[in-house]
Amino acid sequence: MGKLFRYELRLIAFNRFYIGFFAVSLCFGWLILSTGTIQGVAHTAPFSPWSFGSYLTDLMPLLSIALLFMVWSFDSGQARRAKPLLNAATIAPFRHAAVKCAAAATAWLLLSAAIMLLGIGFLIFIFGNAVSIPALLAPAVSILLPVILFLMGSGLLALSRSRKIFLGLPPALLALHLLPLPSWMHLLATNFYSTYPLHMDMVDPGFTVPVSFIAGKLGYTLAGMIMLALALRKKYSCHT
Amino acid sequence: MRVVSLLRVEIRRLLLNRMTWFMSLLIISSPALGLTLYRPISSTAGSGYSTSISGTFIANPALAGAIAGAILLAVLTAMEFSRPARHRMNALTDAVISPFQGAVVRTISLLITAAVIQGLTLLAWLPFTLVQTGAIFQLDVYVSLYLAIMLPAMIFAVLMTASAYLLTYRMDLTLALFAFFALLSLTVWDENWLLRWINPSIYYVSDAFSTSRLLRYILWNRLLWGTILSSIWLLSCLSIRRYGKGLVRSATINVRKGYIPALSALLIVFGWMAYTGQPFLDHSKMELDSNSKRFLYSDEFVTISSIHVKAFPDFTRARQHGIAEYQLQNSSEKPQTIAFSINPGYSLSSASVNGNPAVFRDLHNDEENRKTIEVDIPGDKEIEVTLEYGGFPQEWNILALRQGLDSQISRDYLYLANQDFAPIPRDLIWGSDEPNPYYIEVDLPSGMTPVVFGTETAQSVGKSSDGSIRWSIETNGASVILYGGDYMSRQIDAAGIQVDFWHSAKHNVLMNAFDADDVIRQVFQYCTSKYGPLQFYKDNKMRIIEIGSAGGGYASQGASVMGEDSFSARGFQDMRKGAGGNEVLAHEIIHQWWGLGNMFAQDDSERSWSSEGLTVYTTYRLMKEQYGEAYARENYVDKWQAEVDDYYQNFYIRNPAFLDKLPKAYRTRMDNGVAQMKQYSEMPLKLLKAEQLVGGEQKMDDILHALFNREIDYASPFLTYQQFLDACGLTKEDLELG
Ligand SMILES: [Zn+2]
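Just so you know, the sequences run in chain order D and S.
1 is the number of the first residue of the first sequence in our numbering; add one for each residue after it.
1 is the number of the first residue of the second sequence in our numbering; add one for each residue after it.
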């Protein structure tokens with residue numbers, strides 16, 4: 001099991017796409033840190049959870065597209081060529097698919113971790129011990145978890161039907177990102193971190209979020225899990 | 001020949017493809033998003049969304065179409081380029097045509113598809129736009145805005161995606177690179193008008209005056225990206241894989257086509273020149289220096305008695321050209337150096353003193369949209385300096401994102417203010433007690449009427465052979481502001497003042513429909529009843545001018561000027577519904593009470609006590625009386641508070657210890673905003689506090705009435721903050737905000 005996981009992870013991580021994307025994301029992250037985050041959002045410090053959350057949400061469109069492409073590549077090129085070989089092995093297709101998902105999720109989380117490290121490194125380099133690292137973790141989790149589950153779920157479900165439907169996902173995602181929806185509906189938490197503290201009527205508010213926001217995030221997380229289960233079932237149950 | 005026939009085959013195939021049609025339909029309908037969901041042009045109204053009709057129904061839809069078109073064409077391009085690979089027919093297609101020809105044919109056919117989609121979009125939206133924009137519809141504006149905004153975004157997307165594919169041969173990586181590039185334009189490059197390829201920066205699109213300068217600078221942005229992306233596309237052609245070899249080996253084979261790298265390098269150089277050599281903005285330093293108006297050249301020996309400017313603007317090339325004569329007296333009997341301020345985009349072609357060529361120096365010291373020209377003059381008593389000057393007027397670089405509003409030379413609109421019109425003599429003393437006369441002669445196309453910022457009226461004095469009309473205007477002072485357009489005027493008797501109101505003829509229907517005269521009259525009546533009549537006008541005359549700008553205006557003795565957005569149908573309708581839409585109009589008229597004559601010193605070291613405080617406060621009171629407390633609180637008091645908070649609650653202001661961590665550009669921007677915040681927001685809040693402390697609005701009105709009609713002590717004529725506090729019986733500390 002562990003061997004297969006490592007194989008799949010290596011397949012993703014030593015891929016030109018992944019490496020290229022890694023570099024591009026770090027570049028973009030640096031640009032956002034040095035032009036936006038450094039000014040602090042919503043009157044808070046540049047090293048506040050709010051500013052850090054805003055940094056991550058600014059990168060989310062790019063990261064979520066990366067995630068969709070990782071899901072897309074489940075089914076293409078190299079992966080397809082490896083299929084006969086693996087089908088011959090004695091692993092149940094459902095388990096194999098689950099392992100692939102886990103590998104893609106891990107690769108994506110590694111990418112996100114690199115971006116978080118870049119941000120934290122940047123802040124510590126400039127602001128030294130004014131930065132509290134544990135305080136930055138809550139916004140990170142609230143951003144990353146719904147995104148990874150929902151996008152993997154919807155991506156795999158779309159792929160299990162047709163690749164054309166899947167191609168509609170990135171534009172739909174971008175539209176969702178750009179449209180002025182209520183904040184709980186925003187999967188990528190667009191603008192939430194840079195505007196919500198302004199409504200809290202105090203300076204340097206701690207990191208608390210409204211119930212609707214939590215509900216929205218939980219909704220996306222749950223929907224993602226359900227779609228993930230459906231997709232894995234649908235695609236691989238018929239093979240067994 | 002071969003390529004052409006291949007092209008025909010490829011286009012035919014594209015046009016018969018269901019996917020192409022599906023994408024095209026999506027793109028053609030995408031401008032609808034710009035009507036509701038995606039409206040990037042900033043709103044000029046205090047509440048709700050409002051911008052010009054052209055902005056609402058042409059530019060916003062075109063901007064939405066640009067983003068949707070770019071994204072969908074990028075997907076289409078990536079699919080088209082990866083099609084042979086996806087269908088495993090590389091070897092086959094490569095045998096029929098060379099991969100190089102294949103790339104060229106695919107790219108060109110996609111570019112043609114983009115153009116076809118653009119043409120269909122223009123046709124599809126024409127009836128709707130025609131109905132919505134009504135009287136102000138101009139076909140050339142409609143077409144050129146779409147062609148400048150949307151079409152290039154689609155072309156760039158094709159070139160970019162094609163290049164990315166040729167470099168990587170991977171569809172996923174290609175689309176990721178495109179996403180990165182699109183996001184850069186939408187986020188990181190947000191404040192760089194030259195780099196925003198997918199969403200060019202548009203602040204306002206004029207309905208009644210001109211979009212000519214706006215189009216010029218958008219086209220410059222398009223030129224820049226066109227050259228850069230063509231260059232990148234050519235380079236990417238070098239990486240076309242040959243004989244199944246990898247990137248590096250293929251490139252070494254391809255580079256033998258020597259003309260490709262050469263052409264690519266040439267285009268990159270062009271791109272670089274377009275980036276660094278943009279003619280639209282000056283190079284003023286970003287720090288605003290409140291003490292910069294120091295009197296460098298003030299010379300008690302040199303006085304000025306008159307100025308005479310002949311201007312011949314070139315309306316095709318949008319350049320000013322003029323000859324300015326200055327009558328000076330040098331009582332020192334020694335040579336002197338005098339200085340002029342001029343627009344940084346202009347240069348002097350010659351200078352002469354008393355008929356002899358004179359030595360002059362262009363200091364290229366751009367600051368606040370001016371630069372200095374020094375001229376040496378001899379020790380003669382009577383001196384006539386003649387300067388021949390001209391060039392493309394540059395706008396101030398801190399206004400990079402709201403270009404096209406502060407200067408304009410086009411057939412439908414002329415706007416040349418101060419240093420944009422003619423060199424301004426600096427720091428010279430008037431020869432007599434009255435300001436010197438300023439004579440203007442200017443050649444304008446027939447159909448264009450000149451208006452000056454002042455009470456004087458232009459006379460037409462002749463017609464030249466090319467059909468243009470020569471106008472003559474007599475005004476006074478050291479500089480003038482000249483407007484030209486399809487102006488018409490109407491006379492309004494407003495509380496005893498004869499107001500001549502100049503506006504675009506295109507707005508005549510609007511002004512009649514909403515009774516603009518009455519709106520203006522109301523403001524005059526309000527101020528007259530609260531503070532007393534205006535007294536310092538000769539013949540009780542003043543002028544109100546509508547100009548092709550937005551989001552503000554200005555006022556001086558004899559005239560108040562405001563952008564065309566002060567007179568929008570939406571603004572007037574809101575007023576009838578009980579929500580003020582024409583604040584700027586009121587603000588600029590109220591300045592006639594607070595701000596002129598002997599009201600406020602030009603330079604106040606505190607910078608917070610200025611004509612703006614009382615003007616903004618009075619506007620608030622007027623709106624409160626007309627539209628009620630809730631409206632006034634939401635649109636005035638809350639906004640002042642938000643802006644004050646924005647500054648004082650800023651992390652770096654609260655924690656100055658960290659200030660040195662903030663990059664200089666952001667510190668500069670913060671410093672530059674302080675004066676504005678203090679004048680327009682903090683002082684009105686203090687005045688509101690004073691109103692509560694003195695016992696309410698009625699008491700405050702009495703105090704202001706007394707201050708407006710006070711005996712003027714000519715030794716220190718200006719109204720100071722201390723005088724205001726004394727009149728209220730308050731101290732500075734009393735008005736400090738908590
Ligand atoms: Zn003002």
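Be careful, since some hints might not be right.
[To be verified] Taking CB as the label site, the calculated pair distances span: (1) D/Met-200 to S/Asn-192: 46 to 52 Å; (2) D/Ser-212 to S/Leu-16: 48 to 54 Å; (3) D/Cys-27 to S/Gly-246: 21 to 27 Å; (4) D/Ile-165 to S/Asn-192: 34 to 40 Å.
Just so you know, the hints here were simulated from the structure itself, not pulled from any lab data.
Since the structure is predicted, the reported quantities are computational estimates derived from the model, not experimental observations.
For every residue, glycine included, the Cβ atom is placed at its ideal position computed from N, Cα and C.
Outcome of the hint check:
no.	hint	verdict
1	D/Met-200 to S/Asn-192: 46 to 52 Å	violated, 33 Å
2	D/Ser-212 to S/Leu-16: 48 to 54 Å	holds, 49 Å
3	D/Cys-27 to S/Gly-246: 21 to 27 Å	holds, 25 Å
4	D/Ile-165 to S/Asn-192: 34 to 40 Å	holds, 37 Å
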